Structures are given as structure tokens and as C-alpha cells.
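*Asks:* Chain U is already provided as a structure; the job is to place chain Z on it using the hints.
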Amino acid sequence: MESTLSKTEWKRGSAELLILSLVEARPRHGYEISKLIEQRSGGTVRFHVASLYPMLYRLERRGWLHGRWVEKSGQRRRRYYRVTRQGRRVLASQLRGWREFVAGINRITEAENA
Amino acid sequence: MPEWKPEILRRLAPLKLPATREAEIVDEIAQHLEDRYQELLASGQNEDAAYHTSLDELEDEDFFARNLRRVETEFHCEPIAPGKASKKFFEGTLQDVRYAVRMLRKSPGFTAVAVLTLALGIGANTALFSVINAVLFRPLPVAAPHELIDVYNSSPDEMLSHLPLAYPDYADFRDNSKTLSGLLGFAPNALALDPNGESEMVTAEGVTSNYFDVLGVQPVLGRSFEARQDVVSGTYPVVVLSYNSWRRKFNADPAIIGSTIRLNGNILTVIGVAPPNFSGLIRGLDPEMWIPLSMESILHLGDPLADRGSQWLFVTGRLRPGVSASQAQAELESIADGLALQYPKSNKDRTVVILPASQVKIIPEVDGAMYATSFVLLGFVGLILLIACANLAGMLLARASARRREIAVRLAMGASRTRLIRQLLTESLLLSLLGGSLGLMLTIAFDRLVSQALQGLRLVIPVQVGLGLTLDYRVFVFTLIAVSGATLLFGLVPAFKASGLTLSSTLKEEAASAGGSRSKHGTLKVLVVGQVAVSLLLLICAGLSIRSMRNAFRVDPGFNPNDVATASFYPSYIGMNAAQSVAFYKSLSDRAQVLPGVRSVALAERLPLTFVIQVTSCAPQGKDADEAKSWQDVDRSNVGPEYSQTMQIPVLRGREFDERDTASSTAVVIVNEALASLFWPGQDPIGRRIRFRQDKDYSEVVGVVRNGKYRTLGEQPRPFVYRAAVQHGSPDLTMLIRFTGDSRPVFSAVREDARQLDSRIPVMQLQSLEDKISVSLLLPQIGATFFGLLGMLGLVLASVGLYGVIAYTASQRTHEIGIRMALGAKPLEILRLVLRQGLVLALVGVAVGLATALAVTRVLSTMLYGISATDAVTFVGISLFLLFVTMMASYIPARRAMRVDPMVALRYE
Numbered sequence: 001m002e003s004t005l006s007k008t009e010w011k012r013g014s015a016e017l018l019i020l021s022l023v024e025a026r027p028r029h030g031y032e033i034s035k036l037i038e039q040r041s042g043g044t045v046r047f048h049v050a051s052l053y054p055m056l057y058r059l060e061r062r063g064w065l066h067g068r069w070v071e072k073s074g075q076r077r078r079r080y081y082r083v084t085r086q087g088r089r090v091l092a093s094q095l096r097g098w099r100e101f102v103a104g105i106n107r108i109t110e111a112e113n114a
Numbered sequence: 001m002p003e004w005k006p007e008i009l010r011r012l013a014p015l016k017l018p019a020t021r022e023a024e025i026v027d028e029i030a031q032h033l034e035d036r037y038q039e040l041l042a043s044g045q046n047e048d049a050a051y052h053t054s055l056d057e058l059e060d061e062d063f064f065a066r067n068l069r070r071v072e073t074e075f076h077c078e079p080i081a082p083g084k085a086s087k088k089f090f091e092g093t094l095q096d097v098r099y100a101v102r103m104l105r106k107s108p109g110f111t112a113v114a115v116l117t118l119a120l121g122i123g124a125n126t127a128l129f130s131v132i133n134a135v136l137f138r139p140l141p142v143a144a145p146h147e148l149i150d151v152y153n154s155s156p157d158e159m160l161s162h163l164p165l166a167y168p169d170y171a172d173f174r175d176n177s178k179t180l181s182g183l184l185g186f187a188p189n190a191l192a193l194d195p196n197g198e199s200e201m202v203t204a205e206g207v208t209s210n211y212f213d214v215l216g217v218q219p220v221l222g223r224s225f226e227a228r229q230d231v232v233s234g235t236y237p238v239v240v241l242s243y244n245s246w247r248r249k250f251n252a253d254p255a256i257i258g259s260t261i262r263l264n265g266n267i268l269t270v271i272g273v274a275p276p277n278f279s280g281l282i283r284g285l286d287p288e289m290w291i292p293l294s295m296e297s298i299l300h301l302g303d304p305l306a307d308r309g310s311q312w313l314f315v316t317g318r319l320r321p322g323v324s325a326s327q328a329q330a331e332l333e334s335i336a337d338g339l340a341l342q343y344p345k346s347n348k349d350r351t352v353v354i355l356p357a358s359q360v361k362i363i364p365e366v367d368g369a370m371y372a373t374s375f376v377l378l379g380f381v382g383l384i385l386l387i388a389c390a391n392l393a394g395m396l397l398a399r400a401s402a403r404r405r406e407i408a409v410r411l412a413m414g415a416s417r418t419r420l421i422r423q424l425l426t427e428s429l430l431l432s433l434l435g436g437s438l439g440l441m442l443t444i445a446f447d448r449l450v451s452q453a454l455q456g457l458r459l460v461i462p463v464q465v466g467l468g469l470t471l472d473y474r475v476f477v478f479t480l481i482a483v484s485g486a487t488l489l490f491g492l493v494p495a496f497k498a499s500g501l502t503l504s505s506t507l508k509e510e511a512a513s514a515g516g517s518r519s520k521h522g523t524l525k526v527l528v529v530g531q532v533a534v535s536l537l538l539l540i541c542a543g544l545s546i547r548s549m550r551n552a553f554r555v556d557p558g559f560n561p562n563d564v565a566t567a568s569f570y571p572s573y574i575g576m577n578a579a580q581s582v583a584f585y586k587s588l589s590d591r592a593q594v595l596p597g598v599r600s601v602a603l604a605e606r607l608p609l610t611f612v613i614q615v616t617s618c619a620p621q622g623k624d625a626d627e628a629k630s631w632q633d634v635d636r637s638n639v640g641p642e643y644s645q646t647m648q649i650p651v652l653r654g655r656e657f658d659e660r661d662t663a664s665s666t667a668v669v670i671v672n673e674a675l676a677s678l679f680w681p682g683q684d685p686i687g688r689r690i691r692f693r694q695d696k697d698y699s700e701v702v703g704v705v706r707n708g709k710y711r712t713l714g715e716q717p718r719p720f721v722y723r724a725a726v727q728h729g730s731p732d733l734t735m736l737i738r739f740t741g742d743s744r745p746v747f748s749a750v751r752e753d754a755r756q757l758d759s760r761i762p763v764m765q766l767q768s769l770e771d772k773i774s775v776s777l778l779l780p781q782i783g784a785t786f787f788g789l790l791g792m793l794g795l796v797l798a799s800v801g802l803y804g805v806i807a808y809t810a811s812q813r814t815h816e817i818g819i820r821m822a823l824g825a826k827p828l829e830i831l832r833l834v835l836r837q838g839l840v841l842a843l844v845g846v847a848v849g850l851a852t853a854l855a856v857t858r859v860l861s862t863m864l865y866g867i868s869a870t871d872a873v874t875f876v877g878i879s880l881f882l883l884f885v886t887m888m889a890s891y892i893p894a895r896r897a898m899r900v901d902p903m904v905a906l907r908y909e
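These protein sequences, in sequence, are chains U and Z.
The numbers in the first sequence follow our numbering, run straight up by one, and end at 114.
The numbers in the second sequence follow our numbering, run straight up by one, and end at 909.
For reference, chain U alone in the conformation it holds in the complex (with noise of 0.2 Å):
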């Protein structure tokens, strides 16, 4: 289940890929890490509030993050959520599973190409 992504899961298991190897470095606030998909995905991938928190909790249920509080002097206080090692080792086979995936369809569609 962690390392194959159903057809229904397919979209909620990308993102839960894309938020584990966005928090992977450092922890983020919620914000930042909506702001990042964005950016990074070159504006075609984005998560609203609506869709982006009740992802982060349920990732923070299953162990997989853990969020924090944080204070930081000048600011007001934000939440921060860093990967569990639980979630590093989710994160390591998913990113497996979805390589493996891609490569599988790449060879499909170049066979079919050449």
C-alpha cells in the first residue's frame, strides 16, 4: 500500500509524496510548504487551505510528521512540521514505488515511440 498507489489514492498519495520530501530537508509551516509546491511545480500543482491541513493531519496522525509550534522573536507563531523517521522510511518506498512507475511507463511509451 505504501509503495503502490491505487487508482483512487493516486492523487492524495502524489501529494503525500510531494509534502514528505518538501518537509525531508528542514522543517516548514503550512504555508511555506503550499507556497513551495507552487513554486516548484511551476504553478501547475497547487493546494488550497481546504485540501493542503486536513493532508497535513492526517499525515501527522499516521505518525508520518510531526508538528510543532515555534515561536520565533518578531514573528507570530507558526507551526512547523519536520518528518518522523516512521515518514522517512514511508518517503524512501514511496519515492521507490513512484520511480519505479515512471520508469516502467517510460519504457512503454518509448518502445512505443521508437
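Because the hints were derived from the structure by calculation, they are not lab data.
Every value quoted in this text rests on a predicted model; they were computed, and no experiment measured them.
Cβ coordinates follow ideal geometry from the N, Cα and C atoms, glycine included.
Be aware that a few hints might be false.
Computed list of chain Z residues with no C-beta within reach of chain U, every gap over 10 Å [claimed, not checked]:
no.: 1; residue: His32
no.: 2; residue: Arg36
no.: 3; residue: Arg70
no.: 4; residue: Lys345
Calculated pairs, DSSO-like style, for lysine-lysine (alpha carbon to alpha carbon, straight line, at most 27 Å) [stated by the list, open to error]:
no.: 5; chain 1: Z; residue 1: Lys709; chain 2: Z; residue 2: Lys629
no.: 6; chain 1: U; residue 1: Lys72; chain 2: U; residue 2: Lys35
no.: 7; chain 1: Z; residue 1: Lys623; chain 2: Z; residue 2: Lys696
no.: 8; chain 1: Z; residue 1: Lys5; chain 2: U; residue 2: Lys72
no.: 9; chain 1: Z; residue 1: Lys629; chain 2: Z; residue 2: Lys696
no.: 10; chain 1: Z; residue 1: Lys629; chain 2: U; residue 2: Lys35
*Replies:* Same frame as chain U, now just chain Z:
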């Protein structure tokens, strides 16, 4: 800046999230929308457009809520702090537990003391219960124990109402019963194992060959007896070892099956090893082997299997499925009636009594006493738990005061009182559970110690006792009951008190508590008084027991047990009678006489204070025709020449037995002072004659010796008669050797001499007389240890409790003390003030404790030696000691109070 929160709240409303969770989400989303808004403004949008674009992030009215619902309802979590009423019970409980863990972690010192206190209180009870459980409650480790019944005989003119059976009666019941699927018999016995040099006395059971089959007990090694091999006497020389003896005596040799052992000079083949938990049907007895009854020659039962007259076989049967005990009773009664007609001489008055085996623990006659003793002991140990609970309750009350603000805040935030009580009780329960677990560990350690002590007992009593102490579910259930009982005891009052605060008063009058109003600590004071009283009671019991033990050690037994070596010989085990053994003993004594350092040598059938009692009925000449009145039941022993000299019992008149007394000469006796004054008050007994009930001839008194202690150290002077061993009795005698110097060469010389004279005769129990009679000190020692431990535990717990309460109340009065000092009170006056508070509590406690002790210690009177159960010295001494300890416990906080700086104290709160 736009207000985001109402918008978000409106969308979240249908979810009905817990308040804190909702607030958290609103905070986070509002922050996000604000970030987005600021960014849009920065990119040049006007405020209105930026506002709407940001709000679009929430999409249509219920999309956000729908998405969130799936996540949030999976895991609906109530906030911890306010303790609001919850709809779901278990979820709230989980939360209570988490909160309790957090609170206990915050004060590790309190938690450690509380857990340790409870561990001692609960552990003491669980430990005792584990012993009682092994004796009284644990079912026998056999198949379907509820189907087993014990069969006894009963005769109207017998003292005991539950008698063992005669073997022929047993066989008739077994062969004719239709209601029983099997009927087995067994008889405990002492045997000599491996009679090379010194033999070892082992506890064995002679059993019918269907024993293991009827019980449904499978050996772990080898097999059990083949049924009906015991019909022909002496043809089935096999033995089944107990698991313990296989481990202890044969080093758990896996190849033991088929090998042989020597018992009472006979060779038997080991055919099986019983399972580890099986130790026969009598609780507390730990037989080391089972031997077929047909080997009566080895078992030297003394009563042949064919004799219907002698009753010695314990009988247990298994009911057929669907048969009730009363049906079996009816059937066996009719068989017994038939036997009474057939054998009127032996069976005329015999009736059958059937009891479910589960009801019989040792034998019916002593079971009642076992139950009574158990509950009395549990009662005493229960007091320890009571003190521990009082301690805890005090600590919790003090803590509750410190938590007034927290509790008031929670009440203000809408927590219900029930919920708060539940939360506080959860904390208490957690403490008890921790204490209970630690207590169980203490129990395991205690059980190990007891098992070792029981094995050590082997040196002083001639049977193997063992309880197979293990923690089974009953012990766990008992611990759980103790834990929950304790929780309610110490947790309920503080929880109700703590939660019963009125809001406004607490939040406002926090400082007023420092005023030290007296009524406020009423409950605490009652607790302290109770603790002091209970620990005084326990200490008095401890004091009485310890003084009694010291008395017991100082009691003059009437002989000198020092520097006497003993060795017991059992010619009867190899079938010799008294006459045949005379030569053996003669040579043995002669050889021992000349050993270096040996001063005198004597033989005796039984020794005083070893719990082997022989009673005989006798009457003085001239009064022996008179049936009832003049006949006396008198303790006796058969002894040889120089007995009094060796034991150093003063001969007051006449002489000892000597060479003049032979098997063919006039029968002679020596009496003690008590018997002399009983039979011939004010007259010289020498030359007088008495008759024993079983004798036709008279025996002449040749000497009078001083009274001694015979059965117990605490007994009143008891009539005693010595008969010449050479003229009567058993061939099994104990040799007494009074020596100077080292005992080891004496023992090895005796062992060697016996082997040379007749290597078949078992020699056992080579030990000093002091060790041998130490069994008589066992009861006072056990009593002193038991109550000594309880007393110490009680004292420690009560001191901790008193210290805690005084320290707490003193700290509550810091403000008051400050005022007093500011007004000119001297530090010493403050010290006195606080000390007085402790002293008053202790005095009241001591008064209550003394009154209780006066009423309760009478229970102990039977086990006290040379001291009254209401001994004034003990009562006063212990009271003063306890007062001293309690003063010390209050002194530490009192000194602290004395050093209060008025300036600091007045600023306090």
C-alpha cells in the same frame, strides 16, 4: 487587517471539535490566510481583492469541513487540562491515565515515596497470601481435582473423627465400589536412603499401585506403577522419585530411569520421576519418593497389610462422571455395613466419612486451625497496608492543598466534579498499581527465602516440608484486590476533599490557607493518630514476641544440651527387633566410650523437646484396680544407663539405670519430681511400684530425677517416666555422647564404628543435641521474626507519615509563624509550638494504640514464653520508644520552622 477567525470558525462549526483542537486549527489556518493576504497585497492587489482571493483558499462553504471531518473524527481527542465531562468513557480514561503519568512524573520524590510505601504495604500482604494460597487455596495439581473425595473411618470412641483406613477395608471399598472410578491409598513414611556410612532420612509415601493413575498424574520421566502389582507382597521393588528429590539428590540425572537406589538396605529400581509441581496429596508435605505399598518390608510399616485392626492408610477416590459425593457416601456406607457384619471384631463401630478432597488441606482436624491462623496473620499484615494507606492519604491531602489552584482553574473551565474525582483516583490507582507490581517482586523474593528456609528446616524436623510457592492467578487477583482496596482507602477522601472546593473562595483566598486554621487538617490528624496507634500495636506484638524468644532461649530445659553429639540408629529398618539389636548397641557404646574427649555415652528412644511424644498410661500400685481415676497419661522415654549423667539431669534420689537392669531382671523405672508428687505426695517413691496399662507386672521405682521440659519450653512441670531401654521397646535408639573439644572426630568415629559393626543398619541425623532441640525454639523464633518485621515496617511507615504531616502543617503555618516571630516570639517557642503539635498527635495515637493492644495481644498469649500478653514493661517501653521516634519525626520540620525568617514569612503568599 482582516479578521479570519470568524470565517474559519463558521466552517468548522458542523464538526463540533473539542475546543482546544478547534482553537489550534483556527490559529494555524488564520496564520496561513494572513500570510497569503500579505503576499497578495505585496504583489499589488487591493485589500478587497486580496481578502477574497485569500478566502477562496477555503473553497466553498463545506469543502474544508468535509475534508477535515475524515481526519478529525478518526481521532477525536479531548483536551486534558479542563477535565470537562466526556461522552466516551474509555477515551476519557486514557486521557486520565496520560495526565496522571504526567503529574506523577512532575514530582518524582513524592511518587517514589508513595510507590515504595505501597509496595511494602501491598507486598507484605501478597507475600503472606502467597504462602496461605499454597496451603489453603491452590487446587491439587492433578487431573480434575473436583472429582476427588477423601475417605475416612470414624468410630464413636476415638478422639479424632477422621481416621485413616485399614488396608483390607480399603481393598474391599476399592473392589466393590461402583460409584468410584478409582480408589487409592497412601501412607507417609520416613526411610533411610543409601545406608553407606551415614544414611539420609527421606520422606517417602507408600502408595497403592493405582496412585498415579487415579490422580491422572503423568511422570515427566519414565512411567508410574503398573496397576495391581501390589497384590503379592515384596515383589515390586520400584520407586518413583519426586521432581525435587531428582534434582536435589540425583543432580537431575536424565539417565536415572532404570538405575537403582538403596532404601533401608533394599535395592529398588527407579522407574519414573513425578512432574515438578506434584508433591502428593498432603499440603506442606514434600515427599521425596513413592514406593508401592506391597514393599512393606522396606517401608517397615509396622502394621501388616492384612491386619484389619490397624488403621493407617489415607484413602482418596475419584467419583465416576455424574456421581455425587453423597451417592458415593451411601454406597461406601453400605459396604462398610457389610464389613461390620463380616468382621465384627474390628469393624463393628466403623463408619465411613467422605469429604471432597478440595476441602481437606492437611487433615480435617487441623484445617480449621490453619484457616483461623491464616486469617489472624492476614489481619496483622493487613494493618501494615492500613498504615501505608493512611500515609498515602496524608500525602495526597497535602498535595491536594498544593494543587488547589490547578483544581480550581479546572473547575472554572467547566470540569465536572465527578470527572475531577475520577482524574484524582486515576492518579491514585496508578500509584497503587506501581506499588502492587513492586510488591509482587518483593513477594517473589520472599517466596524464595521461605522455600530455602523450609528446606533448611530439614535439619531440625525429620520430614521434608515444602509449599511449592509460586505466583498463580489467585495471588495476582489478591494483589489486584489489595491494589484497588488501597486505592479507595487512600484515594477517595483526598479526591473528594480536593474536588469539593468552592470556586470563588479558592481563587480568592489562596493565602488564607496559610493561616493554619485547625479544623482544616482534621482528616490529616485522624490519619496520623491512626497510624501511630496501629504501629504501636504492631510494635508491642513485636516486643512481646522478641522478649518471648529471648526467654525461650533462656528457659532451663532441665538438661544441658551443650557438647552432646547425637546419632540415631534404625535397626528396625532392616527388620531387627530390640533383642537382636542389644549386642550392636553394646559394642557401639563400648567403642564410643573410649573415644578421645568422650566423657559419657547413653542411649535413648526419644529425646525431650524434639516434638516426638510418647504417652503411656500408668497407675501406682494399690490404685491400679480403680479403673478411671488413678490412671494417668504420662509422657515417657526408654533410656539406657548413664542417661541422666550424659544429659546432666540431676538424680535427686535413688540411682540411674545400670548393668543390674537387664531384660530378665525386675522391671525398673525412674520418675521425675512431678510424677513422684502426683503418685506419692510427701512420701519417698524409691521402692514403690507402678503398673503400665499394657503390662501385667509392676515396675519398681529406682530413682527420682529433676523436672525438665519435655514437649515445649513453655510447658508447666509435666509428669515423666523413664523405662529401661533394655527391658522394653523399640530397637531404634539415639546415641548421646557427651564430649569435650571438637565434635567432628566424634561424629566420624561413630559413623565408622557403626559401619564396621553392621553396615546395613541406617545411621541418621548425626547432629549436636543443641541443633536437635532447636526445633523447640522454632515457634518463638518464627513469631519474633514475623512480628519483628511487621513492627519495623509499621514503625518506618508511621514515622514517615508523621514526619510528612508535621512538615506539611508547619509549612502551611509559615505565615503565622512569621507573624508570631515578628511580634517577638523566640525561636525556641516556635520549636515548642510545632513539637507540641506532633506530641499531642502522638500521645493520642499511643493512647488509642495501648487500648487496642490490651484487647488484641491476648491472641498471642499461647505462643509467648515466660511473659504475659499484657506485659507492662513491654507496653510502657514500646510506648516511650514510639513517642521518641515520633518526636524525632516532628523535630526536623520543627527546627525548620524555628529558622523561619519573619520578613520572608510575612511576604509568603
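*Asks:* Hint by hint, which ones does this structure get wrong, listed from lowest number up?
*Replies:* Violated: hints 1, 2, 3 and 10.
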